[in-house]
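Line by line, the protein sequences give chains A and B.
279 is the number that our numbering gives to position 279 of the first sequence; each next residue is one higher, with no gaps.
95 is the number that our numbering gives to position 95 of the second sequence; each next residue is one higher, with no gaps.
Treat the hints as calculated values from the structure; they're not laboratory data.
Because the structure is a prediction, the values reported are computed rather than measured.
This list has only true hints and no planted wrong ones.
Covered, in the sense of this in silico footprint (three residues per stretch, anywhere, with C-beta under 8 Å from a C-beta of chain B), are these stretches of chain A: (1) 41-54; (2) 95-101; (3) 113-123.
Even for Gly, the Cβ is constructed at its ideal location relative to N, Cα and C.
There are 2 protein chains.
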Amino acid sequence: MRISELGEFGLISLVQDWTRRTGEPPAGAACQLVVDNGDDAAAATFPGGPVTELYTTDTMVDGVHFTASTTPWRDLGWKAIASNISDVAAMGGAPALALVTLGLPPHTPVADIAELYAGMTAICRQFGAHIAGGDLVSSPVAFVTVALTGVAHGALMVRAAARPGHQVAVTGPVGGSAGGLRLLLENPSAVPDNANANILITQHRRPRPHIAESKSLVAAGVPSAMDVSDGLADDLGKLCSASGVAAIIRADAVPVTPSLQSVFPDDWLDLALYGGEDYVLLFTAPPDIMATALDLLPSGAAIIGEITGGTPGQVAVLDTAGRPRPRRGSGWDHFAND
Amino acid sequence: MRISELGEFGLISLVQDWTRRTGEPPAGAACQLVVDNGDDAAAATFPGGPVTELYTTDTMVDGVHFTASTTPWRDLGWKAIASNISDVAAMGGAPALALVTLGLPPHTPVADIAELYAGMTAICRQFGAHIAGGDLVSSPVAFVTVALTGVAHGALMVRAAARPGHQVAVTGPVGGSAGGLRLLLENPSAVPDNANANILITQHRRPRPHIAESKSLVAAGVPSAMDVSDGLADDLGKLCSASGVAAIIRADAVPVTPSLQSVFPDDWLDLALYGGEDYVLLFTAPPDIMATALDLLPSGAAIIGEITGGTPGQVAVLDTAGRPRPRRGSGWDHFAND
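Work out the full structure: start from the sequences and follow the hints.
Take a look at the structure:
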């Protein structure tokens, strides 16, 4: 069987099974694994140590996750670090050290790599991260892999802590990045010269990890969170699977920027529900903790639904009349497009 | 300018310059960087924490660092983890948590990936490492990136601590992996069926990181070490550059396995000096510490030369008469082969 037939989630499931065969780190080992495979980041503590350390990694491949026309090198550098910082934010931590691996065709202009690092160092400075090492290798296709450590001083937020009765919320609007990408793909050479289009394109190219929001969620005692990277509905499905619960989303409660509705008057809700790379935080909490979180969050949050006791992993999107809204198209499977 | 014109070491130098622009982690940051870019691993401490943590990453790209004929999937998994454990050993630490990133063409058989993880989990079990996460992405070319953390309880060994008067030694024979690779490349379909050839091929496919040897070196107080991954002479040159010193190697003191001399009666010394992927430890120490290290090392070590005060980074290989031995061929530049 090929991995394209098995699909991304089938492969992930197998890999989790295979890697568990190494067992837990042995007793007396230097570190204690607190969160293993399957969350936004792994987490470990050191006996006698003052913090919980987080570990995450994310890769972008030319022609698969970006192209020169959708993502200039400087923005690629920003995004490659941003997606990792967002994973650390989802767990309730702050970023620390990054290892940057570049696979590069030998004909790559040096000026492009200078731009890439300009984008990476810009976001590192802004969020207090530091590039401490990496690897540079020749490759027929360009790729960027960032491994990032983070540090959490308080309780961790995890995918597996959602419970029936929790409210579900997001820390910012969704769909803008997917809208920007669609504009860039539809018209790579001549981008529409209007303010709304440029707002969406910037949301695609320069996502802001929700580190500040994450601190508020931890302070409020929010138990369960993840970042929205593969699309709101699919990511909520993953959180529900990890927690063994189901969820409903009320479509009319999903927050979007006016620019998205203006540029995509027909498709904005699909982009918001099923687009990716939003990098806002999706979280669940009982109503009292949710109320505290809304108070503490600098820009509030939108309550979009609730956790239920249905089929684990199932997410129902309800229209204004409370009826299930059919999904257009299918989700993104990284290995299905062969 | 293209990176192929600039060359690997020119690019590394630029990247180190660019990444330093992020500055040190700010005062009051969660961790303190002890060793930055340019050693086998980065190292950081946590205020009040009991250990020094190490961070390293290494990538293998299909067609660049391996092919299906030189490296079956199970061996690829072993090697991808081994090269990272070796970096941790070079610093004087033990491996802890690994993040594994795979770039895979969608037509890749699932059975191949099962083999890959079998190799990775086998070496993880043997050396006490644990795969805690990673990323699986679609890519037109297969690649494996491993990021590994390690833990050091004692002093770190670094590249920058070699001083004139130090003796230079290696913890095991060199050249065997390069010999095995040459056999595989010369005759991919029919590997010579003899014991010596098989020993070399196993050294290429199943390198053993020198973790036990590393503990002895730390216990002896060895200040400077690195692992031999790009070839003995070139790697000693890097250690000398980092320390601002020069070195001589006595060719007749370089340790090799009898199998290498038997299979390559003419080229064994060039393979030993300039071959790669040996993953033994190269280290330097004043004579008293060297004597202690030789006592403590389970299989001893070979003193191959000494550190001198010549042109920083320069390594002279001397023949039995003490004359400089000319080099055949040139070193490996990852970006020069376009």
